[in-house]
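**Student:** Listed below, chain by chain, are the residues.
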Amino acid sequence: MRTRTVRTLGFALAGTALLAGTLFAGTALAHGGSLRAASGSLSIPTWLFLLTGGGVVGASFLLASFVTDRAFIRAAHDWRRVASVSLDRLVGATRIASVIALVGVVAIGFGGPTDPLRNAAVLVVWVGWWAGYVATVYLLGNSWPAVNPWRAIAEWLPSLDREYPERFGVWPSVVGLLALVWLEVVSPLADEPGLLASVVAGYSVATLAGAFVYGPDAWFTRVDPVSRVFRYYGRVAPVHRTDSGFELRPPGAALTEPRLADGRDEVAFVVALLWVTTYDGFVGTPLWREFALGVVGLGVPSVVVYPAAMLVGFGLFLGAYRLAARYSRTTADTYLTPEAIGRRFAPSLLPIAAGYHLAHFLGYFISLSPALFAALADPVSPPLNPLLIVLPGWFGSLAVAFVLLGHLLAVWVAHATAYEVFPGRLQAVRSQYPFVVVMVLYTMTSLWIVAAPDATPPFV
Amino acid sequence: MTTDTAPLETRVPPGESPAECPYCERPLESEDLLALHKGLDHWEDLSDPERETFREVYADETESLRTFRLKILGILVVVYFGFLFVYSYYTTNPFSAALLAFAVPERVRALR
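For the record, the sequence lines run as chains F and S. Per our numbering: the first sequence = residues 1 to 460. Per our numbering: the second sequence = residues 1 to 112.
Since the hints were derived computationally from the structure, they do not count as laboratory data. Quick caveat: nothing in here was measured; it's all calculated off a predicted structure. Be aware that a few hints might be false.
Distance ranges between label pairs, derived from CB positions [to be verified]: (1) 76/S to 301/F: 26 to 34 Å; (2) 243/F to 44/S: 22 to 30 Å; (3) 16/S to 250/F: 35 to 43 Å.
Covered stretches of chain S (chain F as the covering partner; in silico rule of three or more C-beta atoms under 8 Å from a C-beta of chain F) [unchecked claim]: (4) 30-39; (5) 43-49; (6) 68-74.
Over 12 Å on every C-beta distance to chain S, these chain F residues come out as not near it, computed from the model [stated by the list, open to error]: (7) 69; (8) 79; (9) 135; (10) 146; (11) 178; (12) 183; (13) 241; (14) 265; (15) 277; (16) 298; (17) 312; (18) 322; (19) 334; (20) 378; (21) 387.
Positions of the beta carbon are idealized from the N, C-alpha and C atoms, including for glycine.
Produce the entire structure from the sequences given, and follow the hints as far as they go.
**Tutor:** Next comes the structure, spelled out in structure tokens:
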């Protein structure tokens with residue numbers, strides 16, 4: 001359970017700070033804790049804090065609707081700089097390096113120190129990869145295809161190249177994403193290096209087997225949830241790989257293109273990506289703790305509580321989004337089907353997920369990075385008390401700003417997309433009413449989670 | 001709306017007579033929207049009178065957008081002052097709303 005680890009890390013950070021004679025002023029912050037620390041101390045009532053967040057998003061929609069110059073919107077989104085470079089050799093090298101890293105993670109996970117703060121496998125996976133590397137994907141560009149060690153191995157190996165069953169679409173990746181996050185929430189994946197190594201090894205076996213049967217292309221573009229998460233996050237970023245090299249575009253500009261989500265399953269994946277970040281935070285709130293304890297007290301087996309909540313929440317998120325798409329058909333007075341509208345606007349949700357990820361993990365990454373580098377320098381016997389950076393107090397408000405920035409970019413992307421889709425400019429603005437309501441509710445939910453005091457999730 | 005857009009699925013409710021685009025067969029909800037759609041997506045194929053119609057409809061639309069913008073401005077003002085009043089009731093400094101997002105201040109943290 002990462003939240004618990006993080007709490008441990010938080011105490012560890014506080015302890016280190018005291019021992020070190022408090023190098024920097026401030027409280028120990030890590031993971032979601034940073035946000036909670038910031039917002040939990042506001043002098044205004046929580047409802048006003050939430051309302052303000054919602055108000056910022058709503059007002060930004062109103063401001064965006066002032067921009068009605070088609071030429072301007074199109075120019076802003078079509079702006080690009082192209083560079084033709086071939087990186088094939090470099091890709092060969094990064095792939096070899098990443099395969100070595102994968103083997104190293106499994107080896108150190110099984111054989112390295114058991115203290116998670118000293119174990120290079122735990123630090124590489126959570127701090128280096130899931131916090132740091134993921135952030136580079138949506139801030140810079142999707143380098144995962146060049147790094148993905150499983151894809152490298154799968155392409156070196158032969159493949160049966162069976163036809164991938166079209167009727168499955170990308171649903172397996174939706175299920176895979178929900179399952180991975182569920183596993184991360186209910187098991188001590190960040191506490192026990194051995195368990196982490198087993199999960200990485202198991203994931204490798206499943207991935208390589210799948211790629212062997214259906215071929216790497218079909219597997220990594222349709223099924224593998226990790227590659228797909230990176231592909232979607234990468235669309236938010238300014239740098240994109242093209243056939244001849246790279247292109248630079250404003251952040252989020254690529255999200256207005258129609259090709260990203262072309263089916264109900266793709267929409268479900270985008271919504272799942274958004275939901276899992278919320279779920280991860282939600283199980284750390286007192287509301288969830290009380291609810292779970294109460295439900296289990298009524299006789300519901302504790303093993304079903306987490307997966308059930310995962311599915312119900314996902315259903316609610318997806319339902320809200322589909323409902324918005326249906327109402328959008330009415331408010332815009334259009335003949336487009338709700339499905340077509342839903343597909344076209346789904347990518348605008350991605351900056352929200354990216355903003356939330358950054359808010360969650362930037363502080364976590366910074367405070368634990370010295371431990372990461374120390375462990376990398378000497379994975380077999382890292383220093384006994386790794387140095388940790390104690391973040392200053394204002395860092396929590398930076399996290400709130402990231403959540404809001406993600407939403408603002410989302411509002412803008414949706415606005416520009418509406419201008420692409422609808423011939424009437426008023427019609428385009430009207431099509432956004434239901435989506436803005438959903439986005440405001442979503443902001444308020446995220447901020448509520450962020451503002452709730454930390455609670456230990458029960459039964460994990 | 002760019003030309004590389006995949007055809008957008010449409011469904012016309014029974015009993016309505018849509019204005020259909022002669023170039024891509026997309027049903028549009030009114031003649032005005034059809035004129036706009038043709039001008040935006042099929043500019044190259046249009047005749048001069050059709051282009052003229054597009055310009056007129058676009059100018060009319062700009063006119064109605066002006067009214068719309070005024071309404072939006074009104075709502076923004078109401079939202080702004082609404083928040084200002086609520087904040088002045090709950091805090092000593094109503095402008096702390098702005099600080100909330102960008103620099104949760106020491107003043108606020110100290111209350112912990």
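**Student:** Regarding the assertion that residue 322/F does not contact chain S, is the least Cβ-Cβ distance greater than 12 Å?
**Tutor:** holds (15 Å)
**Student:** Test the statement that residue 298/F is away from the interface with chain S: the closest C-beta pair must be farther apart than 12 Å.
**Tutor:** holds (36 Å)
**Student:** Is the nearest Cβ of chain S still more than 12 Å from the Cβ of residue 312/F?
**Tutor:** Answer for residue 312/F: holds, closest chain S Cβ roughly 29 Å.
**Student:** The stretch 30-39 of chain S covered by chain F? Criterion: 3 or more residues, Cβ-Cβ distance below 8 Å.
**Tutor:** holds (count 5)
**Student:** Is the listed coverage of the stretch 43-49 of chain S by chain F valid when you require three or more residues with a beta carbon under 8 Å from a beta carbon of that chain?
**Tutor:** violated (count 0)
**Student:** Would you check whether the claim that residue 277/F is not at the interface survives, using Cβ distances to chain S and the 12 Å cut-off?
**Tutor:** holds (20 Å)
**Student:** Can the suggested window of 22 to 30 Å be confirmed for the beta-carbon pair residue 243/F and residue 44/S?
**Tutor:** Hint holds: Cβ distance 26 Å, inside 22 to 30 Å.
**Student:** Just double-check residue 241/F for me: nearest Cβ-Cβ distance to chain S has to come out over 12 Å.
**Tutor:** holds (19 Å)
**Student:** Any Cβ of chain S at or closer than 12 Å to residue 69/F, or is the non-interface label fine?
**Tutor:** For residue 69/F, whose nearest Cβ neighbour in chain S is about 10 Å away, the distance does not exceed 12 Å, so it is violated.
**Student:** Is the Cβ of residue 79/F more than 12 Å away from each Cβ in chain S?
**Tutor:** Given a closest Cβ separation of 15 Å, the condition holds.
**Student:** Are all beta-carbon distances from residue 146/F to chain S longer than 12 Å?
**Tutor:** holds (27 Å)
**Student:** Can we trust that residue 387/F is non-interface, i.e. its beta-carbon lies farther than 12 Å from all of chain S?
**Tutor:** Holds: least Cβ distance 25 Å, greater than 12 Å.
Comparing the model with each numbered hint stated earlier shows that hints 1, 5, 7, 19 do not hold.
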